[in-house]
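Model the full structure from these sequences, guided by the hints.
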Amino acid sequence: MTAASRGDALPGPTPRPGAADAAARRGVGAFSERHSRILALLGQRLIQIPLVLLAVSVLTFWLIQLVPGDPGRNALGQYATEAQVRAWDVSNGVTGSVAVRYVHWLGGFFAGHWGTSFIYLVPSRPLILGHLENSAFLALYAFVLLVPVAVILGSVQAYREGKRSDRAITIALMALSSVPEFVIGVLLLVVFAVGLKLVPVQSAADATGNVGQRIHAMTLPAVVLAVSYLAVLARMVRTGTAGAITAPFHRTAVLKGLPYGQIVRRHVIRNALIPTVQLLGIYLGGLLGGSAVVETLFNYPGLGALLVTAAERKDAVLLTDGVMMTGVIALLALLLTDVCLILMDPRIRFENSES
Amino acid sequence: MDSSLSVPETEVEGALDSGGQRRAPARDRAGRRRVRALLLRPTFVVSALIVVFWVVAALGWHLFGLDPYGNSGRALAGPGWSQPFGTDNLGRSVFARTLAGADSALAVGPLGAVLATVLGSTLGVIAGYFRGWVDTALMRLFDVLVVLPPLIFLIVVVAAFGASVPALIVIIGVVFAPGIARIIRAAVLAEMGKKYVTTARLQGESAFRIMAAELIPNVAPTVIIQATLSLSAAILMTATLSFLGLGQQPPSPDWGLAINQNIAFIETAWWTVIFPALAVASLVVSIQLIADNIKETWS
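For the protein sequence lines, the chains are W and A, in the order given.
Read left to right, the first sequence gives residues -4 to 350 (the numbering used here).
Read left to right, the second sequence gives residues 6 to 304 (the numbering used here).
These are calculated hints, taken from the structure and not from any lab test.
One should not assume that every hint holds.
With a straight-line Cα cutoff of 20 Å, these simulated EDC-like cross-link-like pairs (lysine to aspartate or glutamate) come out [claimed, not checked]:
id, chain 1, residue 1, chain 2, residue 2
1, A, LYS199, A, GLU210
2, W, LYS158, A, GLU301
3, W, LYS192, A, GLU272
4, A, LYS300, A, ASP33
5, A, LYS200, A, GLU210
6, W, LYS309, W, ASP84
What follows is a list of derived Cβ distance ranges for each label pair [said to hold, decoys possible]:
id, chain 1, residue 1, chain 2, residue 2, range
7, A, VAL123, W, GLN257, 52 to 62 Å
8, A, TRP138, W, ALA163, 45 to 55 Å
9, W, SER92, A, VAL61, 44 to 54 Å
Owing to the predicted nature of the structure, the values given are computational and were not obtained by experimental measurement.
Virtual Cβ for every residue (Gly too), placed ideally from N, Cα, C.
Structure follows, in structure tokens:
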């Protein structure tokens, strides 16, 4: 807001058409400007996201149609007659050409009729949404662990750039990041669940208990998820922070004699976190959609593990709907990231003064 | 630079390279110097030895008299003199199974990585050289492919095409190619601004020749680094698929499958899980370290 009013006090050589009423509104102008940017972005994404989703849905649907197996036979078992199997196929929409079935499925997907899972014999919608909720809990827990640690490690590295502690953290993180997720999981399981008996080996039984039990059971999977994303994120924070503290505006702020806490809060963090937030958005989409590996390892009832089961047992309905759902979530996470970036990006704040 | 227009081609590249990242009069000598620089780095040497160890294990485990399938008579026995890594729930030697597991770990990765690299670099060079609609079309296609988390995409593709070794090689090749193409495209775009490309065009060289004889040699370090990284990722992916139960099937001694099968016994027999896990980690991390060393010495 101070930026906006400062900008209005120093009009550029060619004021923009809206500059006069922006000046009249003073600080509020900055807010509405930002709002209109978000609205414009939302509008643009509202066109883009359905198109990308459509492409993803065509790809997914077509690929899953190639899954071998006879769904009707699988669902009804070996003692059903040919006629029963055919009747089941018709009632479950697995006959006809791929294009017809695709349109039928797509219409159903958006209308909320998602079909019935072949293997669980229940509607796939509540099944997927329930597992999605579990995955989302795990993802949020992992995020709560991941983000502060990554920010602290990355900024410590940036402030000590080139020193021994910087290099030591880089090497440790790189070693950690190249170890496969399930290996880290197995090692942590052996140490904390088998050796020290601090946490249960399986998180499935407790995942439906009360909040305390759930968090207790989810700790190890969340740590594994967090560890696997830690290195890249810390590297991102390091680069961003190093860029911000070597920038001229940082030097100016220091020379102005601002208190250092204020410099860190207003000048460093905001600039340092922009690339980080971008990366977090990509991760968030993947994490919310469930981590197949961690969920399988800890027997956690999340969407990733559900999709693995669906793929293993050739459940085309569950797989198509579930994969489509992961696509929707990944795209929504990217949208959320874009909005966060607009809210954070200082160039939006200073736009008035640059005109 | 103008004088180099008339001299033979290797000279042209050598002279013009002095403006770029590579300053070598002859490619051979530069190559030898790079290899020597690599051999002086301890992490590279250790990683290379680990990779060689697993390659030898993969190719020669049956020559050493190892029996990954036979029952030794004692199930879930701890590590000891007769069974250095213990036995699993079927009494099979974990030591023999871990060494033999290198076979399936390395069955898909190398060929998959080669396919991904060839496909990805070709598309990347084409997109970077022609730009325009070819570039746009390829990049938009890749945008769609990266919407889904990679593992989910892989699960769908494996469900559709199966997880036999040839299928997995093609799948890994196709799934990893877009990422490589993107990076090679960026490298080619950087090269396109240099004078040797203009020179080659003025000489009337065909587009194919410029791409194959001028651009690819100059982005070769990037290509090699990407190939190494995708090898490590391919080994990780196949192990992950087996771990999820979508890859190798019992009684294969595959490492990922071994973890999947034995995780139920982790409380009573940790050795059935730890050794295959360490084997995957050692191979994947070593190859990544090799890529890292190449990156540091070559650029």
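Evaluation of the provided hints:
1. A:LYS199 - A:GLU210: Measuring from Cα to Cα gives roughly 16 Å; hence the hint holds.
2. W:LYS158 - A:GLU301: 19 Å, holds
3. W:LYS192 - A:GLU272: 10 Å, holds
4. A:LYS300 - A:ASP33: Holds, at about 19 Å.
5. A:LYS200 - A:GLU210: 14 Å, holds
6. W:LYS309 - W:ASP84: 15 Å, holds
7. A:VAL123 - W:GLN257: 52 to 62 Å: About 54 Å separates the Cβ atoms of A:VAL123 and W:GLN257, which means 52 to 62 Å holds.
8. A:TRP138 - W:ALA163: 45 to 55 Å: 49 Å, holds
9. W:SER92 - A:VAL61: 44 to 54 Å: 52 Å, holds
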